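*Asks:* Kindly generate the complete structure, drawing on both the sequences and the hints.
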Amino acid sequence: MIRKIFSYIIPIKIFKKKSARSKIIEVTWANGELVLDSENTNYSYGSLQRILRYGLRNIGYDTILKMDHILLLGVAGGSVVKTLVDEIEYKDRITGVEIDPDMIQVANEYFNLNQIKQLELVIDDAFEFVLKTKDKYDLIIIDIFEDTHMPNFLFEKFFVDRICTLLNDDGYVLFNTMILDEAHNVRNRKYISEVNPKLFMTKMLPRIEVHNELIIIKKVA
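In this text, residue positions in the sequence shown follow the working numbering: the first is 711, and each later residue adds one.
Everything labelled a hint here was simulated from the structure, so no lab data went into it.
Bear in mind the structure is a predicted one, so any value in this text is a computation, not a measurement.
Be aware that one or more of the hints could be misleading.
[As the list claims (entries may be wrong)] Taking lysine-lysine and the PhoX-like style, the derived pairs with C-alpha atoms no more than 20 Å apart in a straight line are:
id, residue 1, residue 2
1, K801, K827
2, K827, K776
3, K827, K792
4, K900, K929
5, K928, K776
6, K913, K867
*Replies:* In structure tokens form, the structure reads like this:
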């Protein structure tokens, strides 16, 4: 409790671990809450939770409550899962795909992710999982970073098309992207231009954080 109080004055690091996939994983008390970070960016809770909550609010909490199955590509500490379960009170299936087993271990120990009964955690590469899955989803949340880097496959047309085929009618994709330079702005505009406008509606949300931009895709029934 003392550390929590002092964290309003200065961040207090309580855990640090090297990871083969994520390089550095840190758990820190900051402004009265536990957050999960990599060496250079926020991975879960803190600003990242605010960003994804903003995206979910744009889709609409009432819309999300009617969904049957949500897919999360990139789990980290599970802050978006907590938003879905604790704030929106979503009751149905959540499948979370995370490539880094060290990250899941930390999420379970510090953020009690393993206590969420409706969450099925899969340790796998998101690209491989998307190719293999036979399920359809009402919402696919893409939140994949390697520190400040986003893997190139996320923006390739093949992957975008595959993700879109996994959506049920009226389903959504919520894609959290990192913008560090003008090339990333161009990349995002190109990404949106390659989504079939006859089958899908796309939009970029106004940024609430300087370096994050949310893209929403909706499949038109």
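*Asks:* Quick one: which hint numbers does this structure break? Sort them smallest to largest.
*Replies:* Hints that this structure does not satisfy do not exist here, as all of them hold.
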